[in-house]
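*Asks:* Sequences and hints are given; from them, build the entire structure.
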Amino acid sequence: MYPDHSHGVPVQRAVEVHQPTPVRFAVPASAPVVPVQPGAVPTVARIVLPDGRVVTGYAIEPTRPGPVTAKPAVSRAAVNVALGGVGFLAVCGGLVLLTSFIAALTAFITQLIILAAVIFGGWIAVQIFSTSGHQGGTTVNIRKAVIKRNHFNG
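Counted from 1, the sequence shown has number 78 at position 94 by the numbering used here; the numbering is strictly sequential.
Just so you know, these hints were derived from the structure itself, not from any lab.
There is no bait here: all hints are sound.
Cβ pair distances, simulated, as ranges:
1. Ile93 / Pro56: 50 to 60 Å
2. Ile93 / Gly71: 26 to 36 Å
3. Ile31 / Lys55: 33 to 43 Å
4. Arg30 / Pro56: 42 to 52 Å
Quick caveat: nothing in here was measured; it's all calculated off a predicted structure.
The C-beta atom is built at its ideal place from N, Cα and C for all residues, glycine as well.
*Replies:* Below you can see the structure in the form of structure tokens.
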């Protein structure tokens, strides 16, 4: 008896038992026939459940675990961490060299700019203060002037 979930009243149902049907394969006449050992084909097992149902199927032997392989002395995770550390150190060394190169290049460019400013400033000073190569233009002579009572006597 199985309970009917819609009304809550037990209802009698018929039990169906299914028998497995063997599958027959068509083997061509030219194919070699390999004999099957009697122990190779599993036997069909029948189990009667407490409620009266019958379950039919092949008995399956429990699988046995394979042989345990010996673990290496060093785990793969440790090797990966070590290789990652070596790679990180290589990158850090390269970054140190790169920053040193950038600092040196910056100092070199700064010195070039200062040198150019000194040379250009010196050239301008020579141009302003030299009188030997001065040709043409207006010469102004300034004399001493005496200022008396808001009068200019020059």
